[in-house]
Amino acid sequence: MKAVLQRILWRLLAGVGVLWGAATLAFVTISFSGGDPALAILGNDAQPTPEVLARVRSDYHLDQPIYRQYFIYLGRLTHGDLGESYRLRIPVARAIGQQIGASVELAVTAGLFATLAAIAIAVSTARRANWIRSLFSGAELIGSSTPIFVVGIVLLLLFSFRLHWLPSSGQQGWRSLVLPIITLAVPMVAVLTQVLRHEIEEVLEQPFIITARARGMSEVGVRLVHALRHALLPLVTLAGNFFGFLLGGTVITETLFAREGVGRLVADATTNKDVPLVLGTTLLAASVYVVVNLVVDLLNTAFNHRARPA
Amino acid sequence: MPTDSFIARSGVRPSKRGLEAARLDAGPSRARARAPILSVLAAALLFSVGGCGRQGADDAETKAKAAVSEVNEQGFVTYPTGDYVQQAPGKPGGTLHVSTSIDTAILDPHGVSAAYIEWFGRMVFDNLVYLDAAGEPQSWLAKSWTISPDGKTYVFHLRDDVTFSDGAKFNAEALRLNLEHMRDPATRSPLAARYIVPYRDGTVVDEFTFEAHLDQPYSPFLDVLAQSWLALISPKQIKENPRSAVTAPIGSGPYILESYTRQQGLRLVRRPDYHWAPDYLHHQGPAYIERIEVDIIPEALIRYSGLSSGQFDFTLEAPPQNAAAIRADPNLLLDRRIRQGNPYRGVAFNTEKAPFDDVRVRRAVALAIDREGIVQEVGFGEYQPKADFLAATTRYYDPAFRHVLDYDPVAANRLLDEAGWGTRDSDGYRTKNGVRLGSEFVSTSLFTASPVVVALQSDLKKVGFELRLVLLPQTELVDRRNAGTYEAIAAGVWHTNTPDALYVVYDSHEIPSKTHVSQNSSRLHDPALDALLEQARESNDPAVLRRLYSDAQRRLTELVPAVPLYDNYSFVAYRRRVRGVLYDTSHNTPIFTAAWLEEAPK
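Quick mapping for you: the protein sequence lines, in order, are chains A and B. If you're matching positions, the first sequence starts at 596 in our numbering and goes up one per residue. If you're matching positions, the second sequence starts at 547 in our numbering and goes up one per residue.
Bear in mind the hints are in silico, worked out from the structure with no lab data behind them. One or more of the hints may lead you astray.
To be verified - Facing chain B, according to a computed beta carbon distance under 7 Å, are these residues of chain A, among others: (1) Leu634; (2) Leu637; (3) Asn639; (4) Thr644; (5) Phe756; (6) Ser763; (7) Leu851; (8) Arg859; (9) Lys868.
As the list claims (entries may be wrong) - Short derived list, chain A residues pointing at chain B, Cβ under 7 Å: (10) Gly629; (11) Asp640; (12) Val651; (13) Arg682; (14) Pro686; (15) Glu794; (16) Ala853.
Unchecked claim - EDC-like, lysine to aspartate or glutamate: derived pairs with alpha carbons at most 20 Å apart: (17) B:Lys1060 x A:Glu646; (18) B:Lys899 x B:Asp1072; (19) B:Lys1060 x A:Asp658; (20) B:Lys1007 x B:Glu918; (21) B:Lys1060 x B:Glu1022; (22) B:Lys899 x B:Glu1056; (23) B:Lys1060 x A:Asp654; (24) B:Lys782 x B:Glu682.
Glycine residues also receive a C-beta, built at the ideal position from the N, C-alpha and C atoms.
Throw the hints in and build the complete structure from the sequences for me.
Next up, the structure:
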């Protein structure tokens, strides 16, 4: 137990290091990427008077040397202050706070949907007749290699504009969540199903499966109780990767379906050189990664302890 | 591995999304960069999902022809006067569903330069004056005014029956506070403050009389006061909490902003006691439509599909790539207006640097560019080529010079021969003393539709000129513009409702620098032109102004500081059940005060 606690402590310390590294890298990248931040604040098509320009430069410490700006930034960060967004003119923390709920809702439901769908498909198609497997792996290949904005556009054209079943934009009620979830989930379902099926098929070859069948266990029981349980391990490992995908995927999905969310916030911040917002969202993404990796790591350890032959 | 491909895919998208997000002053031109990719997709998908009706194609063709004939024989742009006259009283009530492309992040008209303020301003605010169809200032919240003979004192007599939606009264003090708010550095005005730089101070003579004092005569003063960016907000809000105007501005206009949700849209509700609409709307009293819901829909294809499927009644930015489909749809109407100010300039020459310090080279390049081809490519048949320097909808536009820079490769070749670039190298490019004729062209994919750049390159190659493309992110392009480190640059448009647009873009006082962010990216410094444009700022005599601006337009066709390609368009589409849509005469964007809804079909 002590070893586990120590491990968590070290991982958290390393996490702080990762966050500092991410903040610094993002700061350096965006500071040296060219473009006058004062004009990013005022808009690229701005025609400010010299007074306005001077005021903006001093408000945001842009008249200070870059290293001073960096330390001012780090100093504020240690107080938990992410600064004020250039473009939205509200605190970054509030900007993220306003948007994160919608993104979490989308990402979590899409992740859940993808996992359940993948399990259902994998369990029911593993070691089935050749044509079923070919059909599904073909579909998976298409699903995993189609860019999600294409998936989204096809779904929109069909279910929203053609059949009028579901709304194309906004976020009123569960109906507006259906198409975004499917859009975001399709590539995940495709990849997950492939991995899972492969695992299940391997497990189904194992001697203990034959034993189970010999005991008279039904096919459904064999697949669900024995095969699936062993096949879930790689799923946990993949979870870290999927968080990365979800972070990126929400950018596209939220834009396409005109939903609010952190993904769209990131896209806007990057194109508008909204430095505090880019830094804030980078830190958010980094902390999500740190936490997710820690959890995956701990889960893996736990599973491995159990999986280890006694 | 899956992870890599996921990350790679998600990494590509933000910049694509940026194309749409960066759509500010350049209007349609910047957003068009994305058109080809999505339009191909759109076409492919639409046909695969289910054949769209092709009926009415002939009808559409005649409509398209009718629509491009807005420039008449004399070269003036005339919009039918019916546009400005309400034919019959409309039907009150209903909700108008509108889509627009970019997030309306800052709603204080004085604190932003983005184009969405043009239509948003007409919903929520009023202005002191408006421009009539001929571009003359007319009374709105100012009943009348006098201008002193030296052009430095304006006395405004104001309406005494106007209130803001928070109950604050409109009066001379409200006007004074607004002008102060515009130029207060804390407002961070990127536009309004610059437009009233000559304004020194104002005196409240009595409750409804305001005297504005200018440092020097400034004839565009009334014009700019008609722009949405200089609309009037509540004096109470300015005094008590000016920052709240950023997300919840309070105006005196026909609609009240009920809510704004970031990246989602605006909800507006009409103001029942509104009765001070400008005369040109021919509609007094409150607006007909009860509620307006504006949704932010970044993807052009979704805006189009949402409109054609009836989820939206109106899109404020119709995608030009869908123009043909919209025209072919009997339920839809496509409308566009040439916006006042400067047309879209494909290239601005740096007149301080070789090879463009030689006017013969500038002229040759302008003559070598075949605008017809470019316009077909990017405008999908909706744009018209433009070869002079002021939009035809602008007051004092002189059409006399509109063919001076028309496509003429023979003349271009002759000019380059004369300029000493008579020899050619093995690649076919012209040379002088062993140096190849050509230049770098600084652009961004956000700014110039790539087909334009490709067309420019190939047209210029035909006369032996090598255009070397340098693509930069938008922010770096602005850096280069302000530093003057380029030979030629993508300049885009500058929209303003006054012929002073020429001063903004070509006067030597407007040469940009790090501390003086300005629009003269040609870095043009011509004393003769400066004199004309500066005299025009000092005169309020229409006859004098007409002559001065005509001379300035002639002078520009002699100087060729840039290559105009096509006009700057406002491009909207809507369902035919939306009636009484009028267009604002300062920005040529739609105005909904007199619009009404017929019963929805089914």
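Taking the hints in turn, this is what the structure says about them:
1. Leu634: Holds, because the Cβ-Cβ distance from Leu634 of chain A to chain B comes to roughly 6 Å (cut-off 7 Å).
2. Leu637: 4 Å, holds
3. Asn639: 5 Å, holds
4. Thr644: 5 Å, holds
5. Phe756: It holds, given that the least Cβ distance between Phe756 of chain A and chain B is near 4 Å, below 7 Å.
6. Ser763: 5 Å, holds
7. Leu851: 6 Å, holds
8. Arg859: Holds, because the Cβ-Cβ distance from Arg859 of chain A to chain B comes to roughly 5 Å (cut-off 7 Å).
9. Lys868: Hint on Lys868 of chain A: holds, closest Cβ of chain B at ~5 Å, below 7 Å.
10. Gly629: 4 Å, holds
11. Asp640: With a closest approach of 4 Å, the Asp640 of chain A hint holds.
12. Val651: 6 Å, holds
13. Arg682: Cβ of Arg682 of chain A sits 6 Å from chain B, so the hint holds.
14. Pro686: Status violated, d = 12 Å.
15. Glu794: For Glu794 of chain A, the interface hint is violated, since the closest Cβ of chain B sits about 15 Å away, which is over 7 Å.
16. Ala853: 5 Å, holds
17. B:Lys1060 x A:Glu646: Holds: Lys1060 of chain B and Glu646 of chain A sit about 13 Å apart, inside 20 Å.
18. B:Lys899 x B:Asp1072: OK: Lys899 of chain B and Asp1072 of chain B at ~15 Å, within 20 Å.
19. B:Lys1060 x A:Asp658: 13 Å, holds
20. B:Lys1007 x B:Glu918: 17 Å, holds
21. B:Lys1060 x B:Glu1022: 13 Å, holds
22. B:Lys899 x B:Glu1056: 18 Å, holds
23. B:Lys1060 x A:Asp654: 18 Å, holds
24. B:Lys782 x B:Glu682: 31 Å, violated
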